[in-house]
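There are 2 protein chains.
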Amino acid sequence: MAITLDLLGSLGYSENWFTINSFYLDISIKIDVRYDIVSNVNALSNYLFVKEQSKKYLPTMLEVITQPPSVAQNTPDTKPPILVIGGAEDKVNFREILSTFWSRSGGSESVLAIVPSASREPAILGGRYEAIFNEMGSKDIKVLDIRDRSQGEDPQFREYVERCTGIFLTGGDQLRLCGLLSETSIIERIRQRVHSGEVTLAGTSAGAAVMGHHMIAGGGSAESPNRSLVELTTGLGMIPEVIVDQHFHNRNRMARLLSAVCAYPERLAIGIDEDTCAMFERDGTVRILGKGTVTVVDAREMSYTNRDEAGTQDPLSLHNLRLHVLSRGDVYHINKNLALPKNDTTNDQNCPL
Amino acid sequence: MAITLDLLGSLGYSENWFTINSFYLDISIKIDVRYDIVSNVNALSNYLFVKEQSKKYLPTMLEVITQPPSVAQNTPDTKPPILVIGGAEDKVNFREILSTFWSRSGGSESVLAIVPSASREPAILGGRYEAIFNEMGSKDIKVLDIRDRSQGEDPQFREYVERCTGIFLTGGDQLRLCGLLSETSIIERIRQRVHSGEVTLAGTSAGAAVMGHHMIAGGGSAESPNRSLVELTTGLGMIPEVIVDQHFHNRNRMARLLSAVCAYPERLAIGIDEDTCAMFERDGTVRILGKGTVTVVDAREMSYTNRDEAGTQDPLSLHNLRLHVLSRGDVYHINKNLALPKNDTTNDQNCPL
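Line order of the protein sequences matches chains A and B. Per the working numbering, the very first residue in the first sequence carries number 5; after that it's consecutive. Per the working numbering, the very first residue in the second sequence carries number 5; after that it's consecutive.
Keep in mind the hints are simulated off the structure, nothing from the lab. A hint or two may mislead.
Given that identical chains are not distinguished, each listed pair holds provided it fits within a single copy or across any two copies.
Said to hold, decoys possible - No farther apart than 20 Å at their CA atoms in a straight line, the calculated lysine to aspartate or glutamate pairs in the EDC-like style are these:
1. K346 to E192
2. K83 to E134
3. K346 to D312
4. K83 to E187
5. K143 to E270
6. K340 to E305
7. K95 to D287
8. K346 to E305
9. K346 to E313
10. K346 to E245
11. K95 to E166
12. K95 to E157
13. K346 to E202
14. K146 to E192
15. K143 to E313
16. K95 to E192
17. K346 to D177
18. K340 to E245
19. K146 to E166
20. K83 to D94
21. K340 to D177
22. K346 to D149
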């Protein structure tokens, strides 16, 4: 019986919680509340971000939990998503984002690869994620500790990638990650499998930055948007149509994201805060998880920029952009250029709960 | 002969410059290039921001200067504007913004009031601006050094305000400025004269922050937009329909401006960088001066926010905002919700050059 008293205390509904849980969940097994619910009733995971304000969410949770089990069990089996995480995701408490990756990769049946190559401490960081997913219940986890480009052709790694259900790119330095992996046969195969919708992919911080075709490699803040404020290069192209920035509001990166999208206005610029995730589903929807915001800067209808005439440090004009700030549960439809709140009925078909 | 060699050296066209200037301007008088042109051909001032990249602007300047003088002299006599300045405006070099305020207040015929009450060093700061405008050629300048609310009823100050052609609000602390001036008869009369279009008004930094009906009194950065990230109170209502932030990209204030406009989406949120000015004309156009950008966040068509349900530190959703980043010479039409580049012919009627 591993339901912690801390959690129950913060909920303040310990008896109900027990009663309800015992109705649907097998509490005779050793459980952690969140993991157990995630693995048993996968679709519930979105409701289980029980932080300080947990009382606020409890009515919704109760409502969901008291639905007949068949509703949850009839959840459509959505295709593997891509989770783009703004860095510093919760690794010790409710781990909403990591457990969503884990459950969408197959939960206890998952076959996981961790790619720590962005980091200069790949063994330590890879080991940390391995322990987390192992604790969640994965048996089959391998750290693909690629430290030189020749390992990007390693037949054993390649074979493992072939049978993976989930791949996780850690943080570090996005230039290092691309330098080691770009155009190796392993990353080409990962991209093929991701594009075919065969495998769930997640990347955090540097691992998020590499998702687009164009990649923000570095830059500054505390300046007017200008060409020299952002360093742009080529990413791994997992979601070619976006330009991702991470640690977004936490590191005040709006001006650099604007400077980036000014160069490639046909791409969608997405700034993701720490412990926050933009989860790209295969149907063109992006769902927000975690504790911060996802900022979408849509310059696809930009009416004017002075970028072609501007010197490298001149201020940039960008006229007529669309801006969305999205928080937990909100959904953005990439193809419809439409943001919808979490309770909008239009979201129902994509959000079984 | 006060044309400085520095300026000529940076232009690299010293001989042409002399030749051209001597064609239209009386260089037999003691002149500073910028002041002389501003006072003699007021409408040229926009072209005289000769910074490091001065060569880039020179062709345009030459073209303008070689037009017959009658073109410049036929400039429509526009009504007094309101200059909202992002702080740290150039006070020692070309002083584009301050000289535009000065010339739009009547140039050498101006009657100027400087209100330094936002500052804790009002005499020093007031004196500094007095010296600047005096050097530009104003004879009639008074520092309205209001340090307690009773002075806000001072008949001498009140009489002076009555005949002013330009009023300048310095930087400091916007709460101090409002605390000293709100609802005094002097500020009420200033607001009346500003609203009637009888006097040019400028405010920098704290003096800019007070322009709206709602005022940003303080706040933070490096967080997801949230209700506690911005402190909102009531400003002086000179341009009631806007919420102004200043030192904008320089101090990474996008998240706090988003948090502010989320509370009052019917107001236009305007973030002004340092040494940059949004000049509000009486016809609803806003022209950008200076070296940075003016960011317009238009939430008037916001389709959703979670603000009413959000806790004070919860991340805010703001869906479907319009965003413009404007730089020098660009024009924003408030009523048409339209941004136009500096060379757009639609701007001609508002931009005599």
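Tested hints:
1. Proximity of K346 to E192 under the C-alpha cut-off of 20 Å is found in neither arrangement, the shortest distances being 35 Å within a copy and 46 Å between copies.
2. Taking the shortest Cα distances, K83 and E134 never come within 20 Å of each other, neither inside one copy (24 Å) nor across copies (69 Å).
3. Only between protomers do K346 and D312 lie at most 20 Å apart by alpha-carbon distance; the minimum there is 14 Å, versus 40 Å within a single protomer.
4. In the homo-oligomer, the alpha carbons of K83 and E187 never lie at most 20 Å apart, since the shortest distance is 26 Å inside one protomer and 62 Å across protomers.
5. For the identical chains of this complex, K143 and E270 are neighbours neither inside a copy (42 Å) nor across copies (54 Å), given an alpha-carbon limit of 20 Å.
6. For a Cα distance limit of 20 Å, the shortest separation of K340 from E305 qualifies both inside one copy, at 13 Å, and across copies, at 17 Å.
7. In the homo-oligomer, the alpha carbons of K95 and D287 never lie at most 20 Å apart, since the shortest distance is 29 Å inside one protomer and 55 Å across protomers.
8. Within a single copy, K346 and E305 get their C-alpha atoms only as close as 26 Å, which misses the 20 Å cut-off; across copies the closest is 19 Å, which meets it.
9. Taking identical chains as interchangeable, the C-alpha atoms of K346 and E313 lie at most 20 Å apart only when they sit on different chains, with a minimum of 13 Å there against 42 Å within one chain.
10. In this homomeric assembly, K346 and E245 never come within 20 Å of each other (Cα to Cα): the closest approach is 24 Å inside a single copy and 31 Å across copies.
11. In this homomeric assembly, K95 and E166 never come within 20 Å of each other (Cα to Cα): the closest approach is 27 Å inside a single copy and 65 Å across copies.
12. Neither within a single protomer nor between protomers do K95 and E157 lie at most 20 Å apart by alpha-carbon distance, with minima of 31 Å and 61 Å respectively.
13. In this assembly of identical chains, K346 and E202 lie within 20 Å of each other by CA distance neither inside one copy nor across copies; the values are 27 Å within and 50 Å between.
14. Within a single copy, K146 and E192 get their C-alpha atoms as close as 19 Å, which meets the 20 Å cut-off; across copies the closest is 72 Å, which misses it.
15. Taking identical chains as interchangeable, the C-alpha atoms of K143 and E313 are never at most 20 Å apart, the minima being 56 Å within one chain and 41 Å between chains.
16. Neither within a single protomer nor between protomers do K95 and E192 lie at most 20 Å apart by alpha-carbon distance, with minima of 29 Å and 56 Å respectively.
17. In this assembly of identical chains, the alpha carbons of K346 and D177 never lie at most 20 Å apart, being 33 Å within a copy and 40 Å across copies at closest.
18. Within a single copy, K340 and E245 get their C-alpha atoms as close as 14 Å, which meets the 20 Å cut-off; across copies the closest is 31 Å, which misses it.
19. Only within a single protomer do K146 and E166 lie at most 20 Å apart by alpha-carbon distance; the minimum there is 13 Å, versus 79 Å between protomers.
20. Taking the shortest Cα distances, K83 and D94 never come within 20 Å of each other, neither inside one copy (24 Å) nor across copies (57 Å).
21. In the homo-oligomer, the alpha carbons of K340 and D177 never lie at most 20 Å apart, since the shortest distance is 33 Å inside one protomer and 45 Å across protomers.
22. Taking the shortest alpha-carbon separations for K346 and D149, neither the intra-copy value of 38 Å nor the inter-copy value of 53 Å comes in at or below 20 Å.
Violated hints for the displayed structure, listed by number in ascending order: 1, 2, 4, 5, 7, 10, 11, 12, 13, 15, 16, 17, 20, 21, 22.
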